[in-house]
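Just so you know, the sequences run in chain order A and B. Each residue of the first sequence is one higher than the one before, counting from 6 in this note's numbering. Each residue of the second sequence is one higher than the one before, counting from 101 in this note's numbering.
No lab work stands behind these hints, which were simulated from the structure alone. Note that the coordinates shown come from a computational prediction; the quantities given were computed from them, not determined experimentally. All residues carry an ideal CB built from backbone N, CA and C; glycine is no exception. Misleading hints may appear alongside valid ones.
To be verified - Quick list of simulated restraints, FRET-style, between CB atoms:
1. A:GLY99 with B:ILE394: 54 to 64 Å
2. A:GLY99 with B:ARG225: 52 to 62 Å
3. A:GLU86 with B:HIS178: 24 to 34 Å
4. A:ASN217 with B:ASN648: 28 to 38 Å
5. B:GLN687 with A:ARG92: 21 to 31 Å
6. B:SER441 with A:LYS324: 50 to 60 Å
7. B:ILE267 with A:GLY295: 23 to 33 Å
8. B:LEU619 with A:GLU86: 27 to 37 Å
9. A:ARG92 with B:ASP583: 30 to 40 Å
10. A:GLY295 with B:GLY285: 39 to 49 Å
11. B:ALA640 with A:ASP214: 56 to 66 Å
12. B:GLY285 with A:GLY99: 26 to 36 Å
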Amino acid sequence: MSSLPSQELRKITRIILTCCALLAGLLLFSPCASRAQELPLYTQWINYTQDNGFPEGEVFSVTVDGNRVWAGTAHGLVLLENGQVKRVFTPADGLVGRAVMSIAVDKRTGDVWVGTFGGLSQYSGGQFKNYTNLSSGLANDLVYSVALQGQYVWVATAAGVNRLDTYSGAWTIFNEKNAPFDEPWSYSLALGKDKVYMGVWGGGVIVYDTANRSWRPYEDPDGEMEIVLYRNQGLIHQIVSGVTYNPDTDMFWASTYFGLSGYDGRNWHNYLTKDSGLASDFINAVKSRGNDVWACTDKGLSYLDYRTQTWVNYTPDPKSGRGEIEITAPDGKKRRIETSTSLAHNYILNMDFQGTDIWIATARGLSHGIRQPRKGEQLNASNKSRR
Amino acid sequence: MTLRSIRWLSAAAITVLVLGAGLGWRQSLRAGPAQRPDWTESTEPRYLTPVALQLSPNGQRLYVVCQDSNLLLAVDTHSQQVVERVKVGRKPAGIALSPDGNKLYVSSEWSNTISEIDADSFRVRRTLDSGWGPVGITTDRSGKVLYVANTQGDNVSLIDLTAGHEIKRLDAGRFPEYLARSRDGRFVYVSNLLARVATYDEPVVSELTVIDTTRQVVSQRVEVPGAIQLRHITEVPASAGGYLLVPFMRPKNMNPLIHLQQGWYLTHGLAVIRLEGNSEAPKARVAEVLLDDIDHYYADGMGAASTPDGRWVLVTASGANVVSVIDTAKLNSVLRQVPASNPEALANRLDSARQFVAQRLPTGRNPAAVVVSPDGCLAYIANRMDDTISVVDLRLLRVASTIDLGGPKEITAVRRGESLFFDARYSFQGQLACATCHPHIGLSDGLAWVLESPQLGRDVVENRTLLSIAQTSPYKWNGKNLDLATQDGPRTARYIFRSEGFSQSEVKDLVTFINSLRLSPNPHLASGGRLNESQSRGRAIFFRITTNDGRLIPPQKRCYYCHPPLTHYTSRVAMNVGTATRYDTIQSFDIPQIEGVYMRAPYLHNGEALSLEEIWTKFNPEDKHGITSDMDKVQLNDLIEYLKTL
Chain A
6 MSSLPSQELR KITRIILTCC ALLAGLLLFS PCASRAQELP LYTQWINYTQ DNGFPEGEVF
66 SVTVDGNRVW AGTAHGLVLL ENGQVKRVFT PADGLVGRAV MSIAVDKRTG DVWVGTFGGL
126 SQYSGGQFKN YTNLSSGLAN DLVYSVALQG QYVWVATAAG VNRLDTYSGA WTIFNEKNAP
186 FDEPWSYSLA LGKDKVYMGV WGGGVIVYDT ANRSWRPYED PDGEMEIVLY RNQGLIHQIV
246 SGVTYNPDTD MFWASTYFGL SGYDGRNWHN YLTKDSGLAS DFINAVKSRG NDVWACTDKG
306 LSYLDYRTQT WVNYTPDPKS GRGEIEITAP DGKKRRIETS TSLAHNYILN MDFQGTDIWI
366 ATARGLSHGI RQPRKGEQLN ASNKSRR
Chain B
101 MTLRSIRWLS AAAITVLVLG AGLGWRQSLR AGPAQRPDWT ESTEPRYLTP VALQLSPNGQ
161 RLYVVCQDSN LLLAVDTHSQ QVVERVKVGR KPAGIALSPD GNKLYVSSEW SNTISEIDAD
221 SFRVRRTLDS GWGPVGITTD RSGKVLYVAN TQGDNVSLID LTAGHEIKRL DAGRFPEYLA
281 RSRDGRFVYV SNLLARVATY DEPVVSELTV IDTTRQVVSQ RVEVPGAIQL RHITEVPASA
341 GGYLLVPFMR PKNMNPLIHL QQGWYLTHGL AVIRLEGNSE APKARVAEVL LDDIDHYYAD
401 GMGAASTPDG RWVLVTASGA NVVSVIDTAK LNSVLRQVPA SNPEALANRL DSARQFVAQR
461 LPTGRNPAAV VVSPDGCLAY IANRMDDTIS VVDLRLLRVA STIDLGGPKE ITAVRRGESL
521 FFDARYSFQG QLACATCHPH IGLSDGLAWV LESPQLGRDV VENRTLLSIA QTSPYKWNGK
581 NLDLATQDGP RTARYIFRSE GFSQSEVKDL VTFINSLRLS PNPHLASGGR LNESQSRGRA
641 IFFRITTNDG RLIPPQKRCY YCHPPLTHYT SRVAMNVGTA TRYDTIQSFD IPQIEGVYMR
701 APYLHNGEAL SLEEIWTKFN PEDKHGITSD MDKVQLNDLI EYLKTL
């Protein structure tokens with residue numbers, strides 16, 4: 006009789022200990038905890054501004070090509086190699102327009118396609134070949150975005166989306182007359198498998214299936230209202246400034262002037278500042294790879310760890326030059342880290358990846374973000390981008 | 101004739117014109133674009149017309165591409181007999197040998213294909229698709245990738261020879277014609293026949309495109325100023341200079357043609373191109389020398405080949421029936437006189453060639469490609485119009501023998517005319533042939549010239565194609581030449597050749613030949629001549645009679661009125677479409693036929709429109725050149741896509 010309680014006690018103790026161990030293990034190795042520790046924090050920034058010889062003013066776009074970085078500025082196209090400004094191309098060099106809005110590098114041919122506010126340029130073998138509304142089939146000289154798909158060059162303009170067949174020279178225009186465009190003002194392009202995603206200012210996201218030549222528009226179910234009546238029921242707003250496709254998650258993301266939207270094929274995932282860690286609802290561009298989503302806002306650079314729903318915002322202090330990293334946990338708790346360097350400006354226009362590094366186009370210069378290494382990790386900013 | 105009868109006749113004439121145009125429209129709508137006759141259907145004897153050569157690695161076999169017979173021949177160089185022949189695609193143009201010598205590749209310009217031929221069995225192993233109008237061809241050093249110059253596509257196809265399909269196309273310049281692999285295999289060089297599109301008052305600039313074979317990208321576009329028609333490329337070994345030599349023509353198209361003497365109108369020479377820098381920052385130095393002498397010209401440089409040691413370089417003058425043998429040691433001495441600050445110092449000197457040309461050897465008619473044997477003792481020259489090969493003994497610098505390839509012995513009027521077309525001996529000092537300004541057998545050279553006016557810069561006219569111009573009289577932009585016999589006879593003699601020109605019977609033959617010229621198959625048309633959606637919409641615009649808002653378009657403002665399908669898309673009259681400038685004496689210009697218009701930039705009588713779009717976006721502000729101001733950009737694009745199919 007006396008041994009029973011003791012055996013029972015030992016049994017209970019073993020169960021309790023096993024449960025505790027399992028709980029501890031769950032806590033220690035749960036994805037959330039693990040990811041929270043693995044958040045990619047960018048604590049070191051190198052800025053390229055007018056102060057160190059970079060063109061003044063806005064950097065509208067940035068595109069990484071191995072160890073080369075192309076930046077589209079208000080005063081020309083800048084080529085950086087290994088962190089050094091190698092050349093600034095302007096119309097005097099043959100570039101079709103001074104304000105460079107987008108850059109796409111053709112990995113197959115090595116050609117660089119440059120969208121400007123004066124038309125489209127093809128930089129090939131050290132020379133520019135130009136396409137304008139008057140001299141070619143380009144719909145409009147305000148070129149906001151360029152994307153390359155084999156022999157085709159997709160061009161987003163203020164008068165619809167163009168497709169140039171580089172083999173035949175044929176231009177095709179997609180606009181309100183032959184596609185579901187509410188507005189022709191096309192801001193952004195992204196390519197998926199057999200799909201072209203078009204971000205249209207005032208017209209939502211339009212997806213063109215190149216395999217079966219069909220269209221699918223995605224619009225804000227609230228119409229053009231600037232409030233969100235039905236969260237996660239559709240695109241967050243009609244005014245789409247950027248679109249990106251993430252092949253790792255098979256999702257596309259749209260940045261709007263009134264929030265961020267992601268679509269996984271079944272459900273929408275929308276974010277606003279009021280209910281997330283997003284720095285601002287006014288977003289100029291979005292990029293995504295792996296579980297990472299980056300939003301280029303007017304109030305800093307926002308990062309979303311999509312799996313853990315953890316947010317990280319990067320903002321500079323214009324007076325001190327120091328920066329602040331704000332981390333918002335899924336439960337809304339915030340913590341802040343101060344950094345000695347920061348972004349060149351809080352108005353973020355675009356970004357691209359270079360291995361584990363990031364390049365950020367801001368309203369006042371280009372910023373190179375170097376990720377803080379995790380414990381025991383070797384960082385690599387080589388050309389082996391994960392894109 | 102009474103006023104009433106004149107009115108009646110005028111009304112009848114207009115009715116016939118409109119009915120004719122309408123009939124053409126209806127027929128065109130019913131039948132789609134007219135199918136051009138296949139030139140191989142001709143009942144003429146099938147001449148061989150050797151255009152490209154390749155030697156086997158041991159020099160025992162000479163492979164000869166025969167353009168007019170669609171054949172590749174193998175000649176035993178010892179017996180000098182044709183020992184093998186194999187059928188390839190239509191209008192074969194270029195040849196390459198695999199690095200192991202086992203496979204031959206022949207490009208066929210009118211089939212858009214490459215025939216891979218087993219060198220031993222001399223049978224076609226497979227046929228590969230290329231881009232449009234393939235001519236020049238070479239493998240990379242490994243033999244895994246084939247580079248093909250697509251003349252009609254303005255690009256170079258890279259074909260994976262293991263997979264057997266094209267992997268990419270790289271943009272070249274305009275009308276890339278010939279290719280050469282560098283001696284170290286790091287680069288493929290591409291010569292472009294036509295200069296970059298520019299307005300007539302801009303200096304002419306041509307391009308040598310350089311492809312990095314490691315990265316398979318265009319690494320450099322070398323500008324060759326003042327020159328057009330870059331032809332075969334040969335690389336002189338480093339021990340003899342280490343540069344590329346490329347035959348060219350230097351036009352001075354803004355000088356009035358009365359200045360034919362002393363090189364004031366055009367000259368023929370070589371671009372000397374030194375590639376410098378590294379792959380990250382490639383550079384090039386370009387010098388230019390002339391092959392002409394002050395009192396005699398060596399028109400239309402075409403083939404170029406260096407001996408293995410680089411001592412001699414042979415350059416064929418296809419209009420002079422001569423091969424110039426260049427002593428590179430002496431050429432290097434001459435080149436040393438060129439200051440770095442003025443690379444064009446010798447570009448206009450007619451006293452240079454005598455310093456470095458060791459020998460001018462006579463060839464057969466219209467010599468094209470030239471190759472040198474691996475031991476450097478012999479050179480072989482394809483005589484295009486003779487169906488022969490000239491064999492040059494390089495030890496003695498003389499023609500040792502001529503190999504008869506066995507073409508038809510009967511010489512037809514077309515063939516006689518073709519020979520005349522290429523022959524510069526009929527012009528003053530042998531300066532130019534018809535082919536000089538109409539290269540690649542009848543193309544336009546893409547330049548505007550001052551042909552008749554003695555006044556500098558006045559009455560500039562764009563050169564016009566000779567392809568498919570039969571039944572499109574009158575000729576010239578002012579429409580003064582009512583027939584080709586007038587154009588090619590007394591007018592050519594008086595205003596262009598500045599000589600006695602051709603005899604009457606020769607003019608007849610030449611006209612017969614020119615009338616036989618046909619456009620190549622149109623790559624913008626799908627097989628069967630079907631139009632795609634954009635082209636179909638464009639055709640509807642071409643034949644429309646109302647504007648977008650329903651207003652009736654006056655007949656003379658409709659596309660098909662001036663460009664009716666039944667008469668090769670020209671109504672064969674002069675029309676004022678508002679394109680005359682203050683430098684033009686006349687206001688109305690002959691309406692050109694627009695078949696093959698996709699390959700004819702620039703446009704309008706003076707070449708001011710650099711693209712088809714510019715005809716209407718820049719030079720039709722008052723809707724005189726058809727009613728187009730109501731059209732949106734989609735419609736204009738559609739119209740242009742249709743025009744490209746003609």
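Evaluation of the provided hints:
no. : hint                               : verdict
1   : A:GLY99 with B:ILE394: 54 to 64 Å  : violated, 38 Å
2   : A:GLY99 with B:ARG225: 52 to 62 Å  : violated, 44 Å
3   : A:GLU86 with B:HIS178: 24 to 34 Å  : violated, 56 Å
4   : A:ASN217 with B:ASN648: 28 to 38 Å : holds, 31 Å
5   : B:GLN687 with A:ARG92: 21 to 31 Å  : violated, 48 Å
6   : B:SER441 with A:LYS324: 50 to 60 Å : holds, 52 Å
7   : B:ILE267 with A:GLY295: 23 to 33 Å : holds, 29 Å
8   : B:LEU619 with A:GLU86: 27 to 37 Å  : violated, 47 Å
9   : A:ARG92 with B:ASP583: 30 to 40 Å  : violated, 57 Å
10  : A:GLY295 with B:GLY285: 39 to 49 Å : holds, 40 Å
11  : B:ALA640 with A:ASP214: 56 to 66 Å : violated, 27 Å
12  : B:GLY285 with A:GLY99: 26 to 36 Å  : holds, 31 Å
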